[in-house]
Amino acid sequence: MDQGAVLAGRYAVAGLLGAGGMAEVYRAHDLRLDRDVAVKVLRAAQAGDAAFRIRFRREALAAASLNHPRIVAVFDAGDEAGGTEPPFIVMEYVEGHTLSDLVRDSSGLDVEQALRLTTGVLDALEHAHEHGIVHRDIKPANVMLSERDGVKVMDFGIARPVGVSGMTVTGTAMVVGTAEYLSPEQARGLAVDARCDLYSAGCLLYELLTGRPPFVAESPLAVAWKHVEEEPLAPSTHVPGIPAACDAVVLRALAKDREDRYPDAAAMRAAVQAALRAPHEVPAGTARFPAAATAAAPVAGRSAGVAHSPTATAPAPRAAGGRAAGRRPPRRGRRIGLAASAIVLVAAAALGVHALSAGDTGGTAAGAGTGTGSGTTATGKQMEQAPDLRGQTMTQARRQVLARHLRLAGVRLGDCPALPGGRQVCSQQPAPGSRVTAGTGISVQISAKRH
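When the count follows the UniProt record's numbering, it moves up by one through the sequence shown with no breaks and lands on 451 for the last residue.
Hints are computed from structural coordinates only; laboratory data are not their basis. All values derive from a computational prediction rather than experimental measurement. Note that CB positions come from ideal geometry on N, CA and C, so glycine has one too.
Here are the computed distance ranges between Cβ atoms for each label pair:
#1 Ser146 - Ala8: 22 to 28 angstroms
#2 Pro240 - Pro417: 16 to 22 angstroms
#3 Arg435 - Asn67: 48 to 54 angstroms
#4 Ala217 - Arg35: 41 to 47 angstroms
#5 Ala222 - Leu33: 43 to 49 angstroms
#6 Ala217 - Asp257: 20 to 26 angstroms
#7 Gln273 - Gly241: 19 to 25 angstroms
#8 Leu61 - Glu218: 34 to 40 angstroms
#9 Pro263 - Ser65: 19 to 25 angstroms
All chains should be built: construct the whole structure from the sequences, respecting the hints.
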């Protein structure tokens, strides 16, 4: 759109602010109310596509229904079928920059600043969720920061009412999220609720703290696979000195199972604020990381990569995220990985649709403790025996944990000289052989490098 053009006889275009795969955003002046605004204009190539027009209209309706100081306001919209002007949305003009600009080429923000910015994002999400709107694309590029107004969440382009299932991807340009911030349920093409935004907010906080998202890979599809299959490393793994409370908040938000995350934005905001007040105190009800590795090395001649030392004890724990032990046990046979399910990912309009399905290799990891050691307490609670995970790879450890109706609650890198190979479990909490309630989270430390 040319500078000087006037949309709807009212909005004089002053210049281009930015562009994406679907729309361009211009700075403009409202001639009627004498104020600067931002105008989002649907690209000509998409304006003729009914699906794009519906999505564009939905964005306007979703954002216009929200009135909150932490959300970019929508003032007006235009969409004349068969008209000469493209569909457009008129928004509040925020003078500032995005959080993406703030963290670019950095190794992370000051902890207090990162937590305060995340609090603002959660304020916006709480308001949106209370009004039945799930954003579905929370990321640093969709959060504005201005000196005058602070944090402002924008771009409700893929927002949906709570309870409405995610779209079925049939075209080649439908954006259903951004790979680095995609919740596991989005990556698997499942219906979403407000907790998918909390997962994305956890990814955002992770990046603010460390300068990088929790999962990095060569392609959006590979990143999506990691969201479903891999446990995130604690932020302090990348930036030593990040307080334990920050690790705890982030890792609970990044739980694979949405039932293990914070129940709502208000609860996550309260945890973030608690971390601000007492950064070195881990909130009650979280799992704990093991401390520096002291476990024995695998015994020669045993199954590859598996330690057999049932009498060895795990070292004292340090703080991490996760859900309290003893809460709702996971469903039997549940697998967080890709077994018998397809991952659906559309990372950006230019990338089209990607799908991946992979069968599980089946079985459990070779080595000690293939029996479940299960039972029940006098109160009827199912009890399990914590498996010995030391020396195992993450894939092996995950299978052992799930087979006993437990879960991995946190993963931390550490230097483990006793282990001959890299990326093997060198300590765990609770200790091997411990009797725990079904659903308990087991935190592990894995060797950071080969020796």
